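Start from the sequences, fold in the hints, and give me the full structure.
Protein chains in written order, with my numbering: chain U, 1 to 450; chain R, 1 to 186.
Because the hints were derived from the structure by calculation, they are not lab data.
From the derived model, a few chain U residues whose C-beta atoms are all more than 10 Å from chain R:
#1 D72
#2 P119
#3 P128
#4 T275
#5 Y379
Subject to a maximum C-alpha distance of 25 Å in a straight line, what follows is the list of computed SDA-like cross-link-like pairs (lysine to any residue):
#6 U:K330 x U:Y139
#7 R:K168 x R:D95
#8 U:K53 x R:P98
#9 U:K330 x R:E125
#10 U:K232 x U:F76
#11 U:K53 x R:P96
#12 U:K330 x R:G134
If you're wondering where the values come from, they're calculated on a predicted model, not measured in any experiment. C-beta: ideal position from N, C-alpha, C; glycine also.
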Amino acid sequence: MNRTIIYLLIVIAAVLGFVFTANDTQENAEILVENQSDVVMQVKLDPHEWSSKELGILQSLSLESLPALPPDASNFVADNSIASNFGHQLFFDARLSSNGEVSCASCHKPELKFTDGLPRSLGVGVTPRKSMTIIGTAYSPWLFWDGRKDSQWSQALGPLENPEEHGANRNFYVHIIANDASYRGQYESLFGEIPDLSDAIRFPPSAGPVSDPEANAAWDSMAPEDKEVINKIFVNLGKSIAAYERLLMPGNSRFDDYVESALSNNRQQQEELFTESEARGLDVFIGKAQCINCHNGPLLTNNAFHNTGIPPALDLPPDFGRIEGVYMVKEDPFNCLGEYSDEDQEQCEDLIYTRTEGQEIIAAFKTPTLRNVAETSPYMHSGQIPNLTEVIRHYNAAPLAVRGHSELATIDLTTEEMRALEDFLHTLSSPVDVSAEYLESPWQQLLSEE
Amino acid sequence: MTKKTVKQLTLSIIFLLLSACSGDQGDQGQATQASNQMPATANSMDEMNMETSMNAMPGMTGMPHTMTMPETDELGQSRSTDNGLFQVSIEPAIDPLPLSRMHGWVLSLADAAGAPVDGAVILVEGGMPAHNHGMPTSPQVTGNLGEGRYQIEGVQFQMPGHWVMTFKISADGQLDSVTYNLMLQP
Numbered sequence: 001m002n003r004t005i006i007y008l009l010i011v012i013a014a015v016l017g018f019v020f021t022a023n024d025t026q027e028n029a030e031i032l033v034e035n036q037s038d039v040v041m042q043v044k045l046d047p048h049e050w051s052s053k054e055l056g057i058l059q060s061l062s063l064e065s066l067p068a069l070p071p072d073a074s075n076f077v078a079d080n081s082i083a084s085n086f087g088h089q090l091f092f093d094a095r096l097s098s099n100g101e102v103s104c105a106s107c108h109k110p111e112l113k114f115t116d117g118l119p120r121s122l123g124v125g126v127t128p129r130k131s132m133t134i135i136g137t138a139y140s141p142w143l144f145w146d147g148r149k150d151s152q153w154s155q156a157l158g159p160l161e162n163p164e165e166h167g168a169n170r171n172f173y174v175h176i177i178a179n180d181a182s183y184r185g186q187y188e189s190l191f192g193e194i195p196d197l198s199d200a201i202r203f204p205p206s207a208g209p210v211s212d213p214e215a216n217a218a219w220d221s222m223a224p225e226d227k228e229v230i231n232k233i234f235v236n237l238g239k240s241i242a243a244y245e246r247l248l249m250p251g252n253s254r255f256d257d258y259v260e261s262a263l264s265n266n267r268q269q270q271e272e273l274f275t276e277s278e279a280r281g282l283d284v285f286i287g288k289a290q291c292i293n294c295h296n297g298p299l300l301t302n303n304a305f306h307n308t309g310i311p312p313a314l315d316l317p318p319d320f321g322r323i324e325g326v327y328m329v330k331e332d333p334f335n336c337l338g339e340y341s342d343e344d345q346e347q348c349e350d351l352i353y354t355r356t357e358g359q360e361i362i363a364a365f366k367t368p369t370l371r372n373v374a375e376t377s378p379y380m381h382s383g384q385i386p387n388l389t390e391v392i393r394h395y396n397a398a399p400l401a402v403r404g405h406s407e408l409a410t411i412d413l414t415t416e417e418m419r420a421l422e423d424f425l426h427t428l429s430s431p432v433d434v435s436a437e438y439l440e441s442p443w444q445q446l447l448s449e450e
Numbered sequence: 001m002t003k004k005t006v007k008q009l010t011l012s013i014i015f016l017l018l019s020a021c022s023g024d025q026g027d028q029g030q031a032t033q034a035s036n037q038m039p040a041t042a043n044s045m046d047e048m049n050m051e052t053s054m055n056a057m058p059g060m061t062g063m064p065h066t067m068t069m070p071e072t073d074e075l076g077q078s079r080s081t082d083n084g085l086f087q088v089s090i091e092p093a094i095d096p097l098p099l100s101r102m103h104g105w106v107l108s109l110a111d112a113a114g115a116p117v118d119g120a121v122i123l124v125e126g127g128m129p130a131h132n133h134g135m136p137t138s139p140q141v142t143g144n145l146g147e148g149r150y151q152i153e154g155v156q157f158q159m160p161g162h163w164v165m166t167f168k169i170s171a172d173g174q175l176d177s178v179t180y181n182l183m184l185q186p
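Printed below as a string of structure tokens:
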């Protein structure tokens, strides 16, 4: 009985101690900060402490939560290693351009996380948009800032025929493949024999449904069945490039490691991984600043389109974003429902049900991933914002949209919160999770081997 | 010390632990989705301040958007339409409702007396009042499964927070609608 009393006293003491300290922390844990606009905010005393709800959110943003990459049913060579090696060569081949100087890698440089560091990308001309990273896009239902493509392989075909990007046309590219012994061999091992294309009347060296009037007229002159031959080969080039791009996945960032240590309650590791400011920035990211409204999931994007009032580039024609992109993708012969997709049409739900009208998709642009965001400046669809400090200021101030209606509301972040948020964004950098040879041009590798 | 005292002490320890825990929850801002219960610190703020801070953070995770945020609705419970003409219940294919993932819903429709209604035309609309935008998709009824059950495809929510879904139902020359308030968790 005596022992019971002693045990009880110990338990009571412990409980009282716990309650008092808990009360203490409760009183001290949050300092009410009032700024000019009378908005009362809570500041955590301990930046490394997370509630169970917050831990749940952190976990949902971690790469650990990324599901296994689902098969790409629209591309039957998506997971074929011969196709990814072939695509790797195509990706880095500048012969696939009207001036012989532009490859996919010109605007998607591995050393810049597959972007180019420019406000508007330079192909054979100047494009109106900033290049987006390719890393992780195998998970994306929509490609490009306006989502005018709905698969990686279909996306890859767009720039090839864009007059400001690769600048040539499908016949031009198909003839390169047919006339290069190595390419032809790789292609035929994947897709079967390339028919005889030597008749220049039936298969003009330069032809395609492009803006160049001569190539366009040549395309119009072709027989439907010959166009079909060219289209199939052209599409298969896109599918091979996609098989390469599909390998480019984000690696673990410091943020992912931090989440793991927070979930396992490893306080020491948390402090080693994140500075106080970075941890506070993470708190702002998932809380007050509402970043996770759109930048959610392990790739930190909801893959949707939003008008956030980004000021248009003044020297460009009006850019209406998604409302134009949605019509382009619906009418694209290379979309999920088209004859070139290997997809069962019932699987094309994204394309079938995507919203095609409404003021909210006017001048709306795709939420980009925030993985590697600190390494992929400048920002926004035409590179309008040069650095993260200005990006955060934009979202904090929430200016009205010039076109359409911005969804943003002002946030009233303090200077410290904005700085912390920017510090946090730097923790999202990580290497590409792919074997090293895929981060270099295969042509350089071939040269150095010789 | 008697056994009774021990029992009482144990009970009070449990009580203390429970109250400590619930106090903690309040501080973390875990106001339940449906209620207007505010974090403990809200007590120190006057109503005006609260209103301002809520308006400044329309999508604040885990907090109601406005003081007038309605109760969230159970999709599965049978509900009367606005004018009482029909009864509706909904089964989402994925529960809890997923973020950024397209999925289907099955809507069950009955008349006021509870008899299943087939052959209705149903329009689906959804959006986030606080953000002034709709859904990323246009969900559609893709089939009448019989016994008043309708397959709806293309439901997708691109943001956490308060969503409103409205079904306009037309059957047997009668028109009525029903609106659901939902809370999507981050």
